[in-house]
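One-letter residues, chain by chain:
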Amino acid sequence: MSETITRPIDRSHMLVSDEIAIDIRNMNKWYGTFHVLRDIDLTVHRGERIVIAGPSGSGKSTLIRCINRLEEHQAGHIVVDGIELTNDIKNIDKVRSEVGMVFQHFNLFPHLTVLENCTLAPIWVRKVPRRQAEETAMRFLEKVKIPEQAHKYPGQLSGGQQQRVAIARSLCMQPKIMLFDEPTSALDPEMIKEVLDTMIELAEEGMTMLCVTHEMGFAQAVANRVIFMDQGQIVEQNEPREFFNNPKSERTKLFLSQILGH
Amino acid sequence: MSDTHAQTVPFVRDTMLPPAEPPIKEAGAMRWLRENLFSGPVNTILTILGILIVWFLVSHFWDWFAHSVWNAASLSECRQIIAETWGEGARGACWAVIRERWNQYVYGFYPPALYWRPTMAFGLLFVALAPVLFSEAPGIRRIVLGLTTVLTLWLMVALGAPAAWLVFAAIVLVGALAISERHVSWLLVFSVLYPLMGVWFLWGGSAWGPIMVLVGPVLGWIAWRVMHPLSGMVAVIAALVIPVLWWVGYAGEAARDAESIVSFAIPAVASDRFGGFLLSITIGISGIALSLPLGIVLALARRSDMFLVKSLAVIFIEFIRGVPLIALLFVASLLLNYFLPPGTNFDIILRVIIMVTLFAAAYMAEVIRGGLAALPKGQYEAADALGLDYWKAQRLIVLPQALKISIPGIVSTFIGMFKDTTLVTFVGLYDPLKSMSDAVRASTSWKGIYWEPYIFVGFIFFLICFAMSRYSMYLERRLARDHR
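Each protein sequence line maps, in turn, to chains Z and V. Heads up, the first sequence is in the UniProt record's numbering, so the first residue is 1 and it goes up one at a time. Heads up, the second sequence is in the UniProt record's numbering, so the first residue is 1 and it goes up one at a time.
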């Protein structure tokens with residue numbers, strides 16, 4: 001088990017409301033003839049912290065990338081924050097400005113400074129005045145503990161710092177939902193901790209989060225639900241304690257024994 | 001021999017090593033020679049061979065260059081001077097032809113009394129370029145603008161420019177110098193207006209013509225503002241169509257009417273008076289300024305998801321790239337007249353500029369497409385995920401990076417295009433290399449001179465192209481974001 005989470009978690013703000021944040025019904029997706037996602041049904045309530053696990057190629061990344069339409073689904077319905085994702089560009093842009101996303105390879109804009117990375121979308125999408133956008137950005141950079149790097153370029157930062165900037169960049173849009181696509185998979189062990197700390201803080205503030213990750217320590221510490229996927233399907237989902245201690249499906253047991261074993 | 005190997009002994013470092021200076025590289029000319037030229041038998045032989053070849057070439061041309069004559073009225077006088085100074089049978093370069101025909105090489109057949117006009121236009125070009133080329137280098141900008149100011153005003157005085165225009169040029173140049181110290185971006189207004197101003201200075205005529213051309217975009221902007229609340233698509237179409245309608249239908253008439261009410265004209269100069277470097281630079285600069293935006297649009301269109309847009313871009317690019325530039329120039333000079341309604345007088349230089357622009361834009365599009373393809377997919381995804389729409393993502397994220405990657409290719413295309421401007425000789429325009437040198441040789445005094453004009457023109461082209469190349473390297477360094 002991962003030793004990266006050492007501090008006690010403050011659960012006072014981790015409240016799950018009845019309000020539905022994401023509603024996925026009967027969703028299917030193909031890459032050409034390959035059926036990547038099969039009959040996905042998933043309802044996420046506001047304030048939920050969901051960890052999606054599974055072997056590579058199981059479709060977990062594709063699933064969360066469908067939620068902000070980086071990938072297009074071919075059948076079924078996805079409703080995010082009350083807006084159904086269709087081909088309507090306006091709806092897509094609206095959903096994207098409400099849903100933050102953090103990528104495995106950070107995807108910071110290398111030609112802009114850290115501060116410019118953080119203020120770009122608020123200024124051009126939300127039409128926030130520059131001064132105000134910069135103040136907000138500095139606040140979030142302080143939150144991820146790198147305000148002193150604000151005027152550097154991404155190429156000058158370490159991987160962990162870059163990922164924290166990427167999280168700050170998403171937060172600057174004040175999203176209602178955050179998607180994490182393997183945020184620590186490209187990082188050294190020392191850097192994984194600093195990124196996970198930031199994510200835990202976010203969870204403690206009650207952010208609705210969907211994380212594709214292999215950090216099972218994180219899942220046990222903050223998730224209220226763990227979803228296990230294989231071959232494009234949701235195989236098992238449960239609250240973390242049950243999921244880890246008492247997995248039901250054989251596939252889940254095998255997976256857990258492989259990643260938690262030794 | 002010890003049986004305790006370093007790695008097997010437990011080791012704990014109690015003090016961390018501080019960073020140390022790198023070792024100083026051993027220097028010395030002898031050492032450099034030994035390492036680079038005489039490091040082995042093969043290398044030594046190659047070095048000696050290289051020296052022999054260089055000596056062979058230089059010894060052949062040396063006396064020709066050394067016996068240069070700068071002051072003579074004709075080729076026969078040149079030869080006489082060489083024979084008198086270095087003896088019968090000596091060879092020598094006769095640069096006097098450049099000295100005597102300098103104005104013709106620079107201005108073509110432009111009326112000598114109006115030489116100050118292209119000179120002023122050329123000086124103001126640097127004011128227009130300064131905020132674009134040197135936006136983040138105040139030191140270089142100051143030097144460029146300062147030199148431009150001094151040289152332009154001095155040349156204008158020397159060429160007998162009227163006092164009113166001297167004052168105008170002085171105000172613009174000194175004003176630009178002052179403004180660039182504080183608000184460089186304000187100078188961009190001048191950059192936008194410069195093309196029309198430059199056209200007016202070069203061709204002359206009524207100032208109302210360019211002013212009425214300028215009204216087009218203003219009308220387009222008004223149309224966009226009025227229509228935008230109703231429908232974004234309609235607004236864009238209106239903003240594009242209305243200026244074109246204005247230019248085609250009304251601008252000419254409006255200019256004539258305005259001129260008849262308030263006359264504001266300078267002497268007109270016809271296109272057939274243009275020649276030499278004035279012609280090359282006019283076509284070259286216009287082509288460069290127009291082909292870059294057109295190339296960007298074509299590159300984006302070729303990568304578009306929309307079938308029609310993509311197909312049109314592919315057809316255009318492949319057609320233009322598949323046809324020699326000379327063929328396009330012939331189309332411009334001969335065929336275009338058949339397609340246009342009789343009586344339309346479509347300026348030959350304008351037609352050539354359009355063709356050169358289309359030609360360069362097709363190449364540019366492919367160069368920029370390479371830059372676009374080199375961007376990691378994650379950049380597009382991050383822009384999408386933040387809610388940026390297509391145009392904002394292109395403008396703020398994709399193009400700044402793609403264009404930076406493409407700088408060497410873009411500048412290569414510019415350099416190629418600038419050299420291609422000499423091909424206008426085939427449609428009867430006086431390019432500096434062929435037409436102008438032929439014109440010089442046509443006179444009895446310079447009949448038979450061959451190498452000197454070509455070397456001179458080649459040298460000037462080299463200077464300009466080398467400057468472009470150096471600028472592109474400077475720009476790459478300035479835009480580097482990896483390690484600082």
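By construction, these hints were calculated from the structure, which means they are not laboratory data. Careful: at least some of the hints might be erroneous.
[Claimed, not checked] For lysine-lysine, the following DSS-like pairs were computed, each having C-alpha atoms within a straight-line distance of at most 25 angstroms:
1) Z/Lys-90 to V/Lys-392
2) V/Lys-377 to Z/Lys-94
3) V/Lys-447 to Z/Lys-152
4) Z/Lys-127 to V/Lys-392
5) Z/Lys-143 to Z/Lys-193
Hints, one by one, checked against the model:
1. Z/Lys-90 to V/Lys-392: holds, 14 angstroms
2. V/Lys-377 to Z/Lys-94: holds, 22 angstroms
3. V/Lys-447 to Z/Lys-152: Violated. V/Lys-447 to Z/Lys-152 sits at ~65 angstroms, over the 25 angstroms cutoff.
4. Z/Lys-127 to V/Lys-392: holds, 13 angstroms
5. Z/Lys-143 to Z/Lys-193: holds, 15 angstroms
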